[in-house]
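Q: Make the full structure from the sequences, and use the hints.
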Amino acid sequence: MITFEGVSKTYPDGTVALDDVSLECRTGEITVFVGTSGGGKTTALRTINRMVEPTGGRVLIDGADVRDSRPAELRRGIGYVIQHAGLFPHRTIEDNIATVPYLLRWNKKKARDTARELMERVGLDASMAKRYPFQLSGGQQQRVGVARALAADPPVMLMDEPFSAVDPVVRAELQDEFLRLQAELHKTIVFVTHDIDEAIKLGDRVAVFKTGGKLVQFDTPENVLARPADDFVAEFIGYDRGIRRLWFIPASEAPLSDRGVLPADTPADRIRADDDGWTLAVDGSRRPLGWAAPGAVPSGGTLADAPLKPVGPTFTVARDSIRAALNAAILSPSGRAVGVDDDGRLVGVADQHDLSAAITRAGADAEPAPAVDAKPASDDVEPAPKGGAAG
Amino acid sequence: MDLDWGWIGEHTDSLTEHSLTHLKLALLPVLFGLIISLPLGVACRRWGWLYPPVLTAANALYAIPSLALFMIFIQYTGLEPSTVMIPLTLYTLSVLVPNVVDGLASVSEPVRQAATAMGFGTLRRLLRVELPIAVPIVIAGVRVAAVSSISLVAIGQLIGQGGLGYDIIRGYQLRFQTQIVAASVLIILLALVTDAILVLIQRLLTPWTRARKRSGGSSRRRHPITGAAPPHAVDAGVSSIAGGGG
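Just so you know, the protein sequences line up as chains A and B, in that order.
Per UniProt numbering, the first sequence starts with residue 1, numbered consecutively.
Per UniProt numbering, the second sequence starts with residue 1, numbered consecutively.
Simulated from the structure, these hints should not be mistaken for laboratory data.
Please read these numbers as outputs of a predicted model, since none were measured by experiment.
Even for Gly, the Cβ is constructed at its ideal location relative to N, Cα and C.
Please note that the accuracy of each hint is not assured.
Unchecked claim - DEER-style ranges, computed between Cβ atoms:
no., chain 1, residue 1, chain 2, residue 2, range
1, A, GLY344, B, LEU127, 37 to 45 Å
2, B, VAL199, A, GLU5, 31 to 39 Å
3, A, ILE243, B, TRP49, 53 to 61 Å
4, B, TRP49, A, ASP125, 42 to 50 Å
5, B, ALA63, A, ASP65, 53 to 61 Å
6, B, GLY121, A, GLU5, 22 to 30 Å
7, B, LEU127, A, GLU5, 34 to 42 Å
8, B, GLY121, A, ASP204, 32 to 40 Å
A: Next up, the structure:
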């Protein structure tokens, strides 16, 4: 656990970078520091490995004041990843990764074996071991950066906007792999970003900083979205925070039915015209094949004889959020979202009304009684419940 | 111009001996200059205020005619090799100090930060990260200093310490062109061979710049025009070679 106790940093010219920050980063969790530039989030991160010395308060790792360790030794026990990877241009990829093991005087073979292992772990081909950083793409360099931070297996990792400098597709990929890696490794991670989406996606808990180095809110991503502490946070997380909250409602909350679902070999005269007339054809093992438009099945033929429109995006009931379900409904030709299991077999379909009813229910569960909350209730109005009540 | 090839054949021994003396007189000052420039450059990089006065002093030294410096040092060191080598050493500083400073400056901020964050102390970071990355630019400076030093040594013959300069002045006194031409050609050859060896040393020391060139595909060695290329150490090194040589 990393503990900030009233940590302040004022520079000699009077600039306040951190203003009396207290928080706890729990062991094995990802704590995200998010905020506008100049908010002190990077400064806060660097007080942990003493790259910045606070002018007030103290930082503890597992109860020990970081000032009790010599900076160089402290840092060898803390992984560090930065925006542009900061790889050593004059060292090969494997030697870059083995940097801290070399500093810790491991023997060379053990250090290199560890480096190779980590390359595989972060998704780098072993053939890159002898290459130099310049020969790698930005995304690959960032993977090396992560591997290098992990090399000596430090319990704590500091990550300063590690995925900001790569394009959105690579970033999403790196984020997913990072989460997968963390699920295996359970490091105590402090992650700095200016991107609220990244913070919500990665953070177990999110600390929102604002200009002047003030910590304005420290909570789970769900709660930050549901109850921003003040106008700054509300504005920072954006006007569509209602939509963002849908990430946290599991798709399994949606009521699924078999409405308009028929096997592909159903003859035309057995097809009952449903309210909107769209029919989802499924094969013998309930894999969705496509949507038949109203009246598209030729008389005397079967459902399979109709020109089927592609199913489009589906959602995995057990794993996806209701946001993915809603997205699938909006993009579906029939307006109904197709929910499948991990093997791609149909679980059931739901239309936008079904989904919004589920959102309303989930919203009501998540929302505490306004009387307990200090914030005025008017600040918490969500668009979803109203729409749901009307429908 | 008629060359007396027979004379050259008969004097290979003395020409070889003069060439070796010439190299010693020219290159030891470069080595001494490098030994002085490294700590001086590191200090200038660390304490920025130090750099302008140091650079001005080095340039001022470079502006003093070599003959004047010989006359100053001759009072203390006499008609000895050191009277030639001390001024040459001082001359190299105006090239080497800025190249050490530029070389260290070519280490990008993320690299420096990453090194610190991983637990390199100041000295270890300097020796293991910053100086190795500065090598291409430092060697670029050494190449300029070495070639100019090889050319300058000849004038040391005015105080009897000039290596191949002896043959040039002797040839002039005897109105014997062959000796002048032979010595001049040898000086050029020494410069070219020395430069080639330095390039080789750089390649051995910095395989990562070659690796980069290969991956960079069509990027040419001398192409310092727009700065459009990413600001990596090697580019800075190339521009420094071109700038220093010009």
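Q: Could you run down the list of hints and mark each one as holding or not?
A: Status of the hints after comparison with the structure:
For the pair GLY344(A) and LEU127(B), the supplied restraint of 37 to 45 Å is violated, since their beta-carbon distance comes to about 58 Å. In this structure, VAL199(B) and GLU5(A) break the distance hint of 31 to 39 Å, their C-beta atoms being roughly 57 Å apart. For ILE243(A) paired with TRP49(B), a C-beta distance near 55 Å keeps the hint of 53 to 61 Å intact. The given range of 42 to 50 Å is respected by TRP49(B) and ASP125(A), whose C-beta atoms sit roughly 48 Å from each other.
Separation of ALA63(B) from ASP65(A) is about 56 Å and conforms to the stated range, judged on CB atoms against 53 to 61 Å. Checked against the given bound of 22 to 30 Å, the beta carbons of GLY121(B) and GLU5(A), roughly 28 Å apart, stay inside it. In this structure the hint that LEU127(B) and GLU5(A) lie 34 to 42 Å apart at CB holds, the actual value being about 37 Å. At roughly 34 Å, the beta-carbon separation of GLY121(B) and ASP204(A) lies within the given 32 to 40 Å, and the hint holds.
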